[in-house]
Structures are given as structure tokens and as C-alpha cells.
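Protein chains: 2
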Amino acid sequence: MAERAALEELVRLQGEHVRGLKQQKASAEQIEEEVAKLLKLKAQLGPDEGKQKFVLKTPKETLTGKYGEDSKLIYDLKDQGGELLSLRYDLTVPFARYLAMNKLTNIKRYHIAKVYRRDNPAMTRGRYREFYQCDFDIAGQFDPMIPDAECLKIICELLSSLQIGDFLVKVNDRRILDGMFAVCGVPDSKFRTICSSVDKLDKVSWEEVKNEMVEEKGLAPEVADRIGDYVQQHGGVSLVEQLLQDPKLSQSKQALEGLGDLNLLFEYLTLFGIADKISFDLSLARGLDYYTGVIYEAVLLQTPVQPGEETLGVGSVAAGGRYDGLVGMFDPKGRKVPCVGLSIGVERIFSIVEQRLEALEEKVRTTETQVLVASAQKKLLEERLKLIAELWDAGIKAELLYKKNPKLLNQLQYCEEAGIPLVAIIGEQELKDGVIKLRSVASREEVDVRREDLVEEIKRRTSQPLLN
Amino acid sequence: MAERAALEELVRLQGEHVRGLKQQKASAEQIEEEVAKLLKLKAQLGPDEGKQKFVLKTPKETLTGKYGEDSKLIYDLKDQGGELLSLRYDLTVPFARYLAMNKLTNIKRYHIAKVYRRDNPAMTRGRYREFYQCDFDIAGQFDPMIPDAECLKIICELLSSLQIGDFLVKVNDRRILDGMFAVCGVPDSKFRTICSSVDKLDKVSWEEVKNEMVEEKGLAPEVADRIGDYVQQHGGVSLVEQLLQDPKLSQSKQALEGLGDLNLLFEYLTLFGIADKISFDLSLARGLDYYTGVIYEAVLLQTPVQPGEETLGVGSVAAGGRYDGLVGMFDPKGRKVPCVGLSIGVERIFSIVEQRLEALEEKVRTTETQVLVASAQKKLLEERLKLIAELWDAGIKAELLYKKNPKLLNQLQYCEEAGIPLVAIIGEQELKDGVIKLRSVASREEVDVRREDLVEEIKRRTSQPLLN
Chain A
83 MAERAALEEL VRLQGEHVRG LKQQKASAEQ IEEEVAKLLK LKAQLGPDEG KQKFVLKTPK
143 ETLTGKYGED SKLIYDLKDQ GGELLSLRYD LTVPFARYLA MNKLTNIKRY HIAKVYRRDN
203 PAMTRGRYRE FYQCDFDIAG QFDPMIPDAE CLKIICELLS SLQIGDFLVK VNDRRILDGM
263 FAVCGVPDSK FRTICSSVDK LDKVSWEEVK NEMVEEKGLA PEVADRIGDY VQQHGGVSLV
323 EQLLQDPKLS QSKQALEGLG DLNLLFEYLT LFGIADKISF DLSLARGLDY YTGVIYEAVL
383 LQTPVQPGEE TLGVGSVAAG GRYDGLVGMF DPKGRKVPCV GLSIGVERIF SIVEQRLEAL
443 EEKVRTTETQ VLVASAQKKL LEERLKLIAE LWDAGIKAEL LYKKNPKLLN QLQYCEEAGI
503 PLVAIIGEQE LKDGVIKLRS VASREEVDVR REDLVEEIKR RTSQPLLN
Chain B
83 MAERAALEEL VRLQGEHVRG LKQQKASAEQ IEEEVAKLLK LKAQLGPDEG KQKFVLKTPK
143 ETLTGKYGED SKLIYDLKDQ GGELLSLRYD LTVPFARYLA MNKLTNIKRY HIAKVYRRDN
203 PAMTRGRYRE FYQCDFDIAG QFDPMIPDAE CLKIICELLS SLQIGDFLVK VNDRRILDGM
263 FAVCGVPDSK FRTICSSVDK LDKVSWEEVK NEMVEEKGLA PEVADRIGDY VQQHGGVSLV
323 EQLLQDPKLS QSKQALEGLG DLNLLFEYLT LFGIADKISF DLSLARGLDY YTGVIYEAVL
383 LQTPVQPGEE TLGVGSVAAG GRYDGLVGMF DPKGRKVPCV GLSIGVERIF SIVEQRLEAL
443 EEKVRTTETQ VLVASAQKKL LEERLKLIAE LWDAGIKAEL LYKKNPKLLN QLQYCEEAGI
503 PLVAIIGEQE LKDGVIKLRS VASREEVDVR REDLVEEIKR RTSQPLLN
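Those protein sequence lines, which keep their order, are chains A and B. To get my numbering, take the position in the first sequence, counting from 1, and add 82. To get my numbering, take the position in the second sequence, counting from 1, and add 82.
Just to be clear, a hint being listed does not mean it is correct.
Identical chains share a label here; the pair holds if one copy fits it or two copies do between them.
BS3-like, lysine-lysine: derived pairs with alpha carbons at most 27 Å apart [said to hold, decoys possible]: (1) Lys-359 with Lys-460; (2) Lys-485 with Lys-468; (3) Lys-330 with Lys-519; (4) Lys-119 with Lys-107; (5) Lys-359 with Lys-486; (6) Lys-185 with Lys-196; (7) Lys-104 with Lys-119; (8) Lys-359 with Lys-485; (9) Lys-418 with Lys-272; (10) Lys-479 with Lys-190; (11) Lys-185 with Lys-285; (12) Lys-190 with Lys-445; (13) Lys-282 with Lys-272.
FYI, nobody ran anything at the bench for these hints, they're computed from the structure. Remember, it's a predicted structure, so these values are computed and weren't measured experimentally.
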């Protein structure tokens, strides 16, 4: 039973209890006492959480004891007020909270950690309810668009170096969207909800989006059509310049600010040599409320981008934008720290890399082990331990089977399964000759290597990346 | 108010409510209805959590909405039963739970993640309530002491390569402790609590420990003295052999098993070349309940270990042991998976490294940035952006100030503060001459480098570790 529900039930029962006492003609002080309790409970109940001020503190905990006397060290929800807990939804809000709590006004950092979403999982596409994000953010009061351009440069660097195919980074600005909604005649109260309808244009047709706007969200058809004329446009810096001259849109101060910044941004992106990867896309809206300026989303393309040619995105792998108001929401005095950042969906990218490797029929190694130390006969555990210690001390990644007398066949099979490329085989004869039999698992070739040369030979043979 | 406390209060009030109804001669069905409610509440209350069966599920969550329409994706504690949550106390219990949930019987892995303890923080000594642990565990049914020996080898490798001074790994076995308690006459019920008294011997004198055993824990003084004769002994494999002959201790089958395994362990540790780092210490007990066999704890020493000489430990930096029963506690059918592992206190080691660097007056760099791209005059932002893109594309770690026209002095000061070793200065003259002025922040020397040679020159100058 949830805490608030329990409290509400308590208030109801305490109320009945008080009424009961009155009917029973209980003593005045007893009734007073129980009324005081009732009021205390109601005070605890407070207003709706939604409206409650967000309190900054580390979550408290409780654990089913498995730690003997150390259990007293465990945070206990019961003892300590039992406030509601939450799992990270993303890394951006915690980052903003961290800046506000520590009064940081200037920081650049990356953060790789788990976040949690009550979404519908799709394992094959790398969508989970618990998954990793990699965030990069630049916080501080700086000259316009310089950190924003760096964020876009980083996205392009990342996706290029991952070699997961061609990609495109859609860019837009919340101020352009809001200005566009205003000049199209969308009521202020509907900006956010219309915004999230527009955001669906990468998945569904304009007709469906318009239908949602008009039927579900009560927008006038002609207003929706005006929006449609804008949000179906995308292009490069030339589109920015064209819209700066747009008679309707140029009436919005907000839109002009956004377009002016995008103009500057494209200038910097050209200097960074990535302008060709960027598409100004008026349909990009991004769901989250906290963005205040430029927003962007990187999508992988199934066919190389040709100017003008339509290409089908296979989904977003990185996204972000500017959020200048979020830190202020956490600061008691509302002090603002402008921020811009990006998030990369780690599992999403992993699943794409894995699919690529499957297509190439490349085996993904789950271990970095370079060599298995094996024995050809029984009673050689001591020799295996001595050899593996030599290899470990020389910085070689080596394993052995944790058996006193493993069969050679089992040791070789283990290498096949684990993708270990080399086997260092000790035998009685080899010990006499002062050599180790080094076997390549792939080619099954075996050569005798003088023990003192073994480390160098293994290093020579395994000086290749993990995914080969 | 915590959930269980609320439930208990509910039961109390509902009871009074029922009594009230009876006094008021309420209708039979109304009373029955409220009695049913009372029983339902009592059922919910159940037995003490401690005894409740541990339910395996991902924690549910609630968040103060900052995500607009996406808020519906957030886990909500209220909606979904609001069971008690917990923060990880260590990485061992979650690892065991993971093995049981996924029916894994054979795995070797490391895991670096945060854990939470309601301990008294001591920042200078790297003790926090939220801190990182690095765990390594080997799970599976293997021949005795081979994985255990590997764990100890890894601890020695780690601490040696960290260069944080000389260290010692204390080793003992839970079965030896239990056997010792038995032959000394400790009642079975007192094993665990006496165990945790013994564990304090690294911090307090035997007299104090004995006093706790006798005064607080009601142990007979002569029993305590018998324990004292054992737990004040420590040494190498010779002590193991001596105790194998010990007339009292050798009567305990458990103790003999433990001593036999330690004998084998020392044999393997000798082959691994680390026997000199290991001390068999009968006072090592480890607080946690889940250990079933060999246990160990690595302590840093203030003076090098001399045979026989007493050395003062400056605290545990790594510890672990064998826990063969823990996975079975989580498995519905109680299937056991033997495990052995180790934990490293990351912040603890960091604080020691930092102290060492302070003592050596070495500045700890908080950034890996190799070079700051700076400008000597105004109106050179575009040139800075072009140059930094060249450096980034060549794999150089470069930064610039996010200002249109930063002062050269401010750019140089930033390098001093951030510990950036090099500055690449662009000036109008340099642009004409096709060179970049490369300045060493430490020596303040400046040389003109031909632009096409800049990347190589930076790589040449910064091919040294981070902490220099």
C-alpha cells in the first residue's frame, strides 16, 4: 500500500474515530487529543505531491538483512521519514540539480550511467526500461553558439568513429517553434501539446499529425495547415536565411532570435567541417519541456544522404539541446546557469554495432583473454599456476580452467567458446625441453616457443583490436 | 511517515473504530464489514520484514515531473504498490541475486558501481555514505582454492601497481573461526556476535575485546581467554601446520577442513609468487554473515614488513572471501553456486593516492586536455575554431575558451588553473607566416611551429602519463 494512500486512509479512520468518541460522550480532553492527532495527520497529508516543493536530498534506504551486525549501517526508509524515492529518468535533471546544490556556475563534464523509463521495451532495437546513457554537458555563461557547436561536433565525431553507417543531425530551436506557433495562431496554452504532435512527424505522416492536432487537441484546421507549411520544410543554412525573410515568421521576436543563433551556429559548424551532416528541420520538436534554445537529434540513415534526396532514418541514437532554465528550477534563489548538452543511447548503439557484426558474420568476443594456459597431461596444475603467474606479471591477459586435471580437449573447447585466440600448452616433454607449445585456436597450428620468448610471441600475435 | 508505521497505526485505529461501532450498537453487517477490513489490514502488516521472504523485482519509482508529456513514462511508487526500496549496500548480494535470477552457475566478472552505507563519513580517509566499490568474483563449482588463490593474486597485483606503499593481506577461514569457537566452548548461538568482537582486534586491544565478550556478550572469562590464546596468533604457512597439530583445534572437523584448505592455498600462493604478502591471522573475522570459507583483507602498512616485526596497518583497502551459500538464499529451489570474490574501496584508495601526491607536492590534473587553442588578438574566433577542429580530428585533446574575444592573459591563467601543459597561440602575424606559437605553460617558453607540424609536436610533447 503506497504511503499517501495509507495516510489518506488514516485521516478517514481518525475522523471516524473522533466522531465515534463524540457519540460515546468521551471526555473533552480525550476528544481534543484525537482531534489534534487528526489535524497532525492532515498536515502530513499536505497538498498533492505534484504541487509540493521538490526537496533535494539523497534517497534513504531499507534492505532485507544479509549483513549480520553491519545491518545497522543500512539506510532504513521506516526510521527516516520514508519520503518517496525516484529512479533517474535521465542524466540531465540530476546534473542540473547537482549544479544547483553545489552552486557550480561553470563546468564541462561527461557522465555514463543508468536511467530508467516505464516505456515499452524493444530489446532488438536496444530499447530497455533500465539502460545506460552517456551525457556530455557544458554549463556556464558564454558567448552564443560556441558550446552548442562543440556539442554538435562531438556527436559527429562519435558517430563517425563508431562506423555505424551514415547519419544526419537534425537541428531546430525551441524559440523558432514557439514563434512559429504564435504567428500561426496557436493559443499559448496549446504550445507544448502541439509541440509534441509536431515531434511525431519523423514517424507518421503530416495528415495523421494534423488530424491529431485538430481532432484530439482542438486546433483550428487552418491553424494546423499554417503549421504544416512550416514544419514540412528542412534544409541547410539557406533555409535559415529564407525564414529570416519570411513575412509572417519575421514578426516574431522569439523566432528571429532563434533563426539568428542558428545562422551563427551554421557558421561555426562550417568551420568545424560538419555543416554537411546538419539538417535544419522545422519538424524537430523534442518531447522534453526543459529545452529553451537550440535542439538536435542524430539519426542513422539507411542510404547515404544525397542533397534533396529523401532518406529513411532508422531512429535517433543521440540527441540534446540548450536548457537555460533547468538549474534555476533547483536553485533556492532561482539563479540561472545556462546549459547545453547531449545524450547518447548506449544500448541503442550497441545493438546496431552487434547487428552490423552479425551481418559481417564477425564473432563478438566477450572476453579480452589473449591466451589460455593449458596442460596436456595430468598432475601439471602447479606448472600451469607458475606459468600463468609469469604471464600475468608480464601484462598478458591469461586464463586457466579451475580444475586440477582438466582434459586437453575441454581446454581447447573452452577457447573456441570464449573466443580466446591462443593456447599455451604445458606437457612433460615441453618442460624437459624448456619450451611451451603455443597453439593458434583458429588455424590449429602449434609451434614450440622457448619459455623466455613466450611473452613476446603472445604479444606479437595478439596486437590486434578486440573485435577481430 | 513510513509505510509499515502507517499500517500499524491503521490497524490500531481500525481496531478502535470496530470497538467504537460495537459500543454504538452499529448494525451487525457494518461491524462485520469493518472487522473484515481490520483482518485485511493485519494480513497486509504481516510478520516483521526481517522474516519476510525477499521478493526479486526492479524497484519502482516516482519523479517530480520535469518532462512534460513524457512524465507518463516515469515509474510511480504510488500507482504500483509502493513496496520498500533499498540502495545497494554492496555489490556481492546483488551479484548473487543476479546469478539466481538468471540461473547462472559459472561466471567470472568485475563490476564498478556505487554502494550506500549509513556509516559515519570521514572524508579525509575516503569514507563516504555513497561510494564506489570495484568487485571481482568467480562463481562456479571448481577444484578447491584455485579461484581463491587467483583472487588473492589480483589483490596483490592491484595494490602493487597502484604504488601506494607496502601492504599485507590477512587471511583466515570462517570454518577455522567456528571450529575454534566450538572447541573454546562458545555456545553456537553466540558464534556470530563473538565473531564480530574478534574482528575488532585490528583496532582495539585484546583486553577491550575480552571485556566486550564477557561484560556485554556474557561469555565466561575462561572461554574468552581460550579464544585469546588463538586469535592473538598470526604468521605464515608454518602457523597453519602448527594448528593442524593443535590438540584442541584438531578435534574440530570444521577447523581441520579450513586449515587443510589454507595449506593448499599457501601452496598456490607460493607458485603465484605472493606468499610473502600473505599473513594467516586468526583475528581476522570480517563482519558479514555470508562468508562460508576463506576470508581476506588487505591493509596498507606504514613501515615495510619485517618478519616478526609488528607493523601498524593504516586501514583496509580491499577485502573479500568465499560465500558458497548466498546464491542459494535467492534461488527458489535453494540451488547453491559456490562463489569467491573481492571488493576494493575506490575512494579509500583515491584518498591515499591524493595524499601521496600532496606529500610529493605533485599537482593532480583534473583534465586530460593537452593544449588550449588561444588567440593573441581580437576577431580570431573563426581561426581558433578552425584550428581546434584540426587538432580534434587528429586526436589531440584540445580546449578553447567559449568567448568571442578572450584576453590572452585569461587564456594563460585558465591553463595554469586547469593544469593544461600547452597553449597553441594564433596571432595575425603567425597566420601570415603559416605558423602557430606553441607555449609551454610550465617553462613559459614559446616557439613558432609550422602549422602542418603542430599535431606531431603536441603529441611529442604530451606523450607522458596524466599525473605529471
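Tested hints:
1. In this assembly of identical chains, Lys-359 and Lys-460 lie within 27 Å of each other by CA distance neither inside one copy nor across copies; the values are 61 Å within and 30 Å between.
2. For the homomeric pair Lys-485 and Lys-468, the shortest alpha-carbon distance inside one copy (15 Å) is at most 27 Å, but the shortest distance between copies (59 Å) is not.
3. With identical chains, the CA atoms of Lys-330 and Lys-519 are never at most 27 Å apart, being 79 Å at best within one copy and 49 Å at best between copies.
4. For the identical chains of this complex, Lys-119 and Lys-107 are neighbours both inside a copy (18 Å) and across copies (25 Å), given an alpha-carbon limit of 27 Å.
5. Within a single copy, Lys-359 and Lys-486 get their C-alpha atoms only as close as 58 Å, which misses the 27 Å cut-off; across copies the closest is 25 Å, which meets it.
6. Taking identical chains as interchangeable, the C-alpha atoms of Lys-185 and Lys-196 lie at most 27 Å apart whether they share a chain (25 Å) or sit on different chains (23 Å).
7. Proximity of Lys-104 and Lys-119 under a CA criterion of 27 Å is satisfied in both settings, with 15 Å inside one chain copy and 23 Å between copies.
8. In this assembly of identical chains, Lys-359 and Lys-485 lie within 27 Å of each other by CA distance solely across copies; the values are 25 Å between and 55 Å within a copy.
9. For the homomeric pair Lys-418 and Lys-272, the shortest alpha-carbon distance inside one copy (26 Å) is at most 27 Å, but the shortest distance between copies (59 Å) is not.
10. With identical chains, the CA atoms of Lys-479 and Lys-190 are at most 27 Å apart between copies only, with a shortest distance of 14 Å across copies and 35 Å within one.
11. For the identical chains of this complex, Lys-185 and Lys-285 are neighbours neither inside a copy (40 Å) nor across copies (39 Å), given an alpha-carbon limit of 27 Å.
12. In the homo-oligomer, the alpha carbons of Lys-190 and Lys-445 lie at most 27 Å apart only across protomers (20 Å), although the nearest pairing inside one protomer, at 37 Å, exceeds that limit.
13. For the identical chains of this complex, Lys-282 and Lys-272 are intra-copy neighbours only, at 16 Å inside a copy versus 65 Å across copies, given an alpha-carbon limit of 27 Å.
Checked against the numbered hints listed earlier, the structure breaks hints 1, 3, 11; every other hint is satisfied.
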